[in-house]
Amino acid sequence: MSNEAQQPRSFEKTRTSETVLHRITALRAPKLLLGLELSLLIFAIAIGVAAVLIIDLTVNGEVSTTLLPTGALFVVSLLALHLTIRRIAPDADPLIMPIATFLNVIGVAMIYRIDLATGLTGWDSTSVRQLVWSSVAVLGAIAVLAVVRNHLVLLRYTYLSGLGAFVFLLLPMLPFVGQEINGARVWIHIGGFSFQPGEIAKILLAIFFAGYLVQSRDSLAMVGKKILGIRFPRARDLGPLLVFWLAAMVVLVFQRDLGTSLLYFGLFLSMLYIATGRVGWVVLGVGLFLAGGIIASQTLAYVKVRFNNWLDPFADPYGAGHQMVTGLFGMANGGMTGTGLGQGYPEMTTFSQSDYIIASLGEELGLIGLFVILAAYLLLVGRGLRIGFAGQDDFGKLLAAGLSFSLAFQVFIVVGGITRVIPLTGLTAPFLAAGGSSLVSNWIIIAILILLSGSIRNRPKLVIRA
Amino acid sequence: MNKQLKALTRTIFALFIVLFFAVTMVQVVQADDLRANELNGRTIKNGYEVERGSILVDGDPVAYSTPTGDSYKYVRQYSAGSLYAPITGYFSHSQGMSGLELAMNQDLSGIGNAQFFTRIQNTLNGVSPQGSSVQTTIQAKVQRAASEAMSELGVDGAVVALDPKTGRVLAMTSTPSFDPNLLSGNDDAEIIANYGQLADEPSQPLKNRAIAGDLYHPGSVYKLIVAAAAIEAGDAKPSSSFENPDKLKLPQSTHEMQNASRTTCGTGSKATLEQAIVMSCNIPIAELAMSMDKNAVPNMAHAFGFEQEITIPLKVTPSASPEPNDQSQVALSSIGQLDVRSTPMQIAMVSAGIANGGTVMKPQLIDKIITPDLRVEKEYTPEQFSKPISEKTAEAVTGMMEKGVSTPEGLAQKAAIDGVRVAGKTGTAENGVAEDGTDVPFTLWFTGFAPVEDPQVAVAVVIENGGGANYGFEGGSFDLPTAVGKRVMEAVLSE
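Protein sequence lines, in the order shown, are assigned to chains Z and C.
With this note's numbering, the residue at position 64 of the first sequence is 64, and numbering never jumps.
With this note's numbering, the residue at position 263 of the second sequence is 1263, and numbering never jumps.
It is possible that part of the hints are untrue.
[To be verified] In silico negatives: residues of chain Z with every beta carbon more than 12 Å from chain C:
| # | residue |
| --- | --- |
| 1 | VAL49 |
| 2 | ARG87 |
| 3 | ASN150 |
| 4 | SER194 |
| 5 | THR276 |
| 6 | TYR318 |
| 7 | PHE351 |
| 8 | PHE405 |
[Said to hold, decoys possible] Here chain C is said to cover these stretches of chain Z; the calculated rule only asks that three of the stretch's residues, wherever they fall, bring their Cβ under 8 Å from a Cβ of chain C:
| # | segment |
| --- | --- |
| 9 | 157 to 168 |
| 10 | 390 to 404 |
Hints in this document: simulated from the structure, not taken from any laboratory.
Idealized CB from N, CA, C, for every residue including glycine.
Same shape as in the complex, but just chain C (with noise of 0.2 Å):
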């Protein structure tokens, strides 16, 4: 019977290896996607025993934890209030967190692996724990400026803007947004009280506008990456020139496309490409897109981003760019209708890639994480995202860009800074006819960098239902979203 014994020794030997392994699997290895999955009640409470770290715009802590006498040991608050709400996001008791505080949870709470042995030396000294701080990418005047300006204006959208040559995000701000104060105190009814509140808002003041509300139609800021298209491929120069007439039946369809001016683009009988970036038009662009591949531009598009999963680490929602199935839709989506869509910080990063020499930094919001001694733990360096198109393309279309914003007759013109070189494009989206047969409002779109010669910011504005007939067709792209690109570019290039 002995050998039998021996046999089922193993067994149960090889099970009890099961059991090590797997409990082995759960506690550590899983350990960190488990604290970190949004249903684990338990991490917030932890958060709450632990001085969580701050987070830091230049340096001033705009969310931090200060000590309460209540059970739990500290309420978490945010200086700015709303400013800055699309960035830190919030930190609640029954409402779990978002933004910042989500994304870098482990290390403001200071429960993940890098501060293993920190939290040992505690444990053994004493020490109650605190969490590191996350020092951000943010200039609180570039985000002012951007927050101020769309709020004067009244209206809903995003604003993000990007340092082109590092990827680093300077400003992102979501319109409306709200005070994550409302969501941090100790009250769990009231928190849940104003969340339900905030829910229901129907301007939505809780979605990240920037990188995670409803992507929204890019209109003629795609023609960027049509031309950067057309050009990288040598299918076209900006002086490539196509026919002009001021309606183009699509193939295959009944639909007739037009300018936005409802007429020819310019005067002559040819336009230009370069004409038909500086003045918007659609025609001159389709055509070209026909005239390509039809799977040039969501090609040129994916290089760009479009398509992909992009953490900063707040996780960005990846933009839309499918492959069209006949001309009409080749023609349509050129001009960034149909099925395209487009999150700010995506089209951000099509000007700074422009901006950039054709090279695209990976957009970061994270600048380093100092521990509570004040040790840099981790610094963040630029990443080289992709590089969709040569520097030489990337000159060409900067050029037709530029141009939109110092001609006349250029539609980015309200962009121009004094003394500095400015490149812009606008876009006007259309949404399509609502329910009751009026048009859906307008998307308004502004994206450009400054200053050419030497990039120092790279933005991307978006203004929800800005325009169309409900507007009277009143304060377009040209004007609306454009005023406020100005200002961003401005308060970076103001030092």
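Pulled out of the complex, with its shape left as it was, chain Z reads as follows (with noise of 0.2 Å):
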């Protein structure tokens, strides 16, 4: 019974979990992992360079500077939001930035390559203003981390992100400021600058619901009558549901936006089954807006042009189903291979910029080109919702998750739009299209993402070490 005996076994043992300890903490060591994304960030970089090289060398037969001078500034601010990484989220995900970069310079490389087709050059050519645009959205994304630092500071705002998201919402059905776009009253106007506030208002939203449903969660996952084997809610539970079904509503008649309005909804939905684990609310909500939706098909023009061209984009191919059809026409140019970057007729294309801005790459990188954007695409909602498996706060957990499905609907409802899987909506595919709003939104939901996987990922350890 001497210690001296049973001393080396119990440093042995020290040691290996020393060891093990030193392992764990060697895996999840920021330093090793923003050096990741340090070297992802370079990588997605340089495939947009390659990509602008090319589209340069097939089209133009010569290197061009167009976008050197925006480029330049796009890495600079890509390079300074890696550095605010590091300094606020150390241990963010090292994969949400690399990615949607990776996405966005696609995006632009794609819009330059149609504006060389379509004969715009220098400051006036929409490449240029993209990469201006993704700039300003990257320097968004800085400000984010480094005003909000904690995403618990958001739960604070719950109400008046609510609030800001209903201004948001309203402000384009102002007169003067509100505009009135392809059909779409979802712009405001000021002083030659046009933005889509229901893309901030998508993300005061997503931090609205996450927030109101923590803390009415209780109330809504009471029971009710089981029909089907599926538990509804009761009739005065209904409120939240109905209020947010009539703003869908009003979003789909007064400012003719179908996609949004079908995003807004498929966001509140899913953040309420995350909440409340009641398959039953999304029933009712999805039989609530396939009955809106369905009536305003037959009643409201512009639905019910793009329900026919869902159906039959043939029926009218020179009128309504000219973007429909010139859109089929062009992924099937591209097939499986692509015609390659430059080699396409993408400008054939209405909207080859924006809404179709899938479909011109469909062209030029063909399905394979196609499978690599979907994939990065999932492997950023991925990352997304991995952030909501491992949170510690339920509201941290709704909003990761909330964001995540967003990215991922909003996806699904434009490629699936372009593709025939559901009627032609308008919603742009985020990070690639044309479109500053979309852009500044869409790197403030990467900011908000590298926020909660910063703080997620760090506690881990500090139970560790402890």
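Take each chain as given, in its own frame, and dock them per the hints.
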């Protein structure tokens, strides 16, 4: 029973667990992961630069400098974001930012390619503006990181966010400021400068839903009647659902924006489900939305046209179905391997730089290229969901899941619309499509996800060390 | 909450699976159809990017691409101008394509799935893409004979010549034709102007009368189908005889049917089926048709290809042989009037089927597809289309058709070729009365084959607006189309 006899064994044990601890710590070492983030970021930027070079050489036969100044600005802002992440969220997921960057630069390259085809050059070209907006968006992300720092701060502003979302949604309806573009009244126009406030409203809504549901999920999860094995909520708990359904219908009818309406309501339903765990809510919600959509498709001309185009785009190939048809032709032209960058005719598709950029990419990069892009989205969404799984606080979990779902759902609505899985709605592919408001809001989502992952990932380490 | 998150993750995954599937559907499964869609402007543009394959007749290119210095890398040229236009069609920037240029576009432009690996290879090797060439079954001398015969007569119409044993199309003309070079240049404005001019032309040169024009009343050539149906069913023999009035009052109708001669069929009190075919009499045929089941003739026509979608690979407009409602309709349809309508291709198939012992071969315009490195990528083999009648029935009908050419009273005697046994049948179809009360000009037909003992060619000739009151009943079917048919058959047999 001598202590000396046990000493080595105990020491050995301690050393082993010390090693294990060391290894775990090493695995979670922030420096290493941020190194990974930096190298992936450089890789993503390199893909964009290579794409632009290929396009230049294929279309013009020489390298141009059109994108150089703004491109450099974008790269600098990306590096600034990376450095900000190092300071504020050193434990953040290293994949989120590089994937967003990859999608962003691929989008810019495609927009640039279509600019060349349509003869747009200089500061007026969409690609240059897209790069400026990208830089602004990344600076926005930096600002969010720097100001918010801890995502729990957002919980404090739950109802303010809700109010903000409401105001932003209503802005386009105001006279003078509001503007109708391509039939949808979702823009505001101030001093030669257009913005889609609904994009920002999306984030505010996610924050509001997360905060609201964390507080009131117990009452919403209350038992109700069970029908066909699904428990449905009681009539008096239906309030919030009906309110948001009405809000979605208002967007559908008055702003004539089917996609946004669908996206907001989908976001609400998914978060409601995560918070309460009641499938009944989803069934009720989907039923309500379908009913509203079907009534709208019979009574609202613009929804009816989209509905008919969905069923048979070739019925009116030069008129209402033109966009759909040219998009399908473009994707078919690309086939499996694509025509190669600069060798297709993406400019023949209407809205080839914005709503239909997926079809343009499909034409020049082919099925293989679209698979890579979809995989990138899926990976990004997967990282977001992972934050939800690993999260410690319900607010963070809900917010991460809601934002991830909104990204995934938006991709589904856009790509599904182009490939005729669902009616075309007029949403744009996140990060890819030309448009400043969408870039800003999506980079802010990235910033929030990075914040969430940063605060979540450095916790287990603290537990181990303690 | 993680349980719900799991469900959400699965949902998102399912949504993405749907997207992967949908994208694959568009870009791989439906891609060929979308590329072949005639509204697809990209296909045309792509066509000018690659060196498009040639269309060959007897090994010589009649449609081919030559390099240009302008933004379109190639221009399409047609060596024989209008001669092969009904076969090649045209290939233009602004007006799309037609004919084989359209039907074989995937192979000609090298975008078909068959060339998938060649395409990848070319990309890797940096070889500029090139399409495959299409060898047609057309024989230049037959095509030329048909086209020249029609234009010498100065008539509008079409000629189709088939090899009855294989279904190969030896000649296919549509008169008047057009010069595809007018529509294939690289000057869009000029093409649009030329196209507008051709489209406004009253004689409609862009229409392919052989397979896709307005359908024609087949008139008396339809009697071959009545005879075939009757003999096949055992309802009649060539020697079966019928009442021989000079006028036949149709049941439940005020209409009186007459023979083309406005007299009786021959001099006897009875007329045989053979006489009716040889002299092309209406009344005995109508009597025969009314004695049969009212669907017997339409069913036989269907077996020969009427009412069916046929692609050669050009699309052949289905010919019409609707079921008659009453006996007077039976009588009128039996002589190829009323709602019976046909393409020249369909009538050629009828003759070819009779010539080939009752077996109709599928008409085919493509012989093989040849890759740029001169490999044969695909070779077409003869395919049976249908077997509407037995060999015995075919022989009986052939006998009557041969007498139509060889006997002095036969209406098709102008098809006779020295030292060759020729079978033939003429047809004159009335097209009713115009608004001003005058007769609309007739449609004149000839169909036949030669030599009877070993058929090498079956032919159908149609001449629009070729006779009737406006022409003083001069130059009827016994004359104009029959002479054309003879020249075409001679051209095949001249080897």
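Do the hints match the structure? See the list:
1. For Z:VAL49, the condition that its CB be more than 12 Å from all CB atoms of chain C holds, with the nearest at approximately 23 Å.
2. The Cβ of Z:ARG87 sits about 30 Å from the closest Cβ of chain C, beyond the 12 Å cut-off, so the non-interface label holds.
3. At roughly 20 Å from the closest C-beta of chain C, the C-beta of Z:ASN150 stays outside 12 Å, upholding its exclusion from the interface.
4. The non-interface label for Z:SER194 is consistent with chain C: the shortest C-beta to C-beta separation is roughly 30 Å, beyond 12 Å.
5. The beta carbon of Z:THR276 sits about 8 Å from the closest Cβ of chain C, which is not more than 12 Å, so the claim that it is off the interface is violated.
6. With 12 Å as the threshold on Cβ separation, the claim that Z:TYR318 sits away from chain C is violated: the shortest Cβ distance comes to roughly 8 Å.
7. Taking the minimum C-beta to C-beta distance to chain C, about 17 Å, the non-interface status of Z:PHE351 holds against the 12 Å cut.
8. Under the 12 Å C-beta cut-off, the non-interface status given to Z:PHE405 relative to chain C is violated; the minimum distance is some 6 Å.
9. Only residues whose C-beta sits within less than 8 Å of a C-beta in chain C count toward coverage, and the segment 157 to 168 of chain Z has 0 of them, not enough to reach three; the restraint is violated.
10. Using a Cβ-Cβ cut-off of 8 Å, 5 residues of the segment 390 to 404 of chain Z lie near chain C, which meets the minimum of three, so the contact claim holds.
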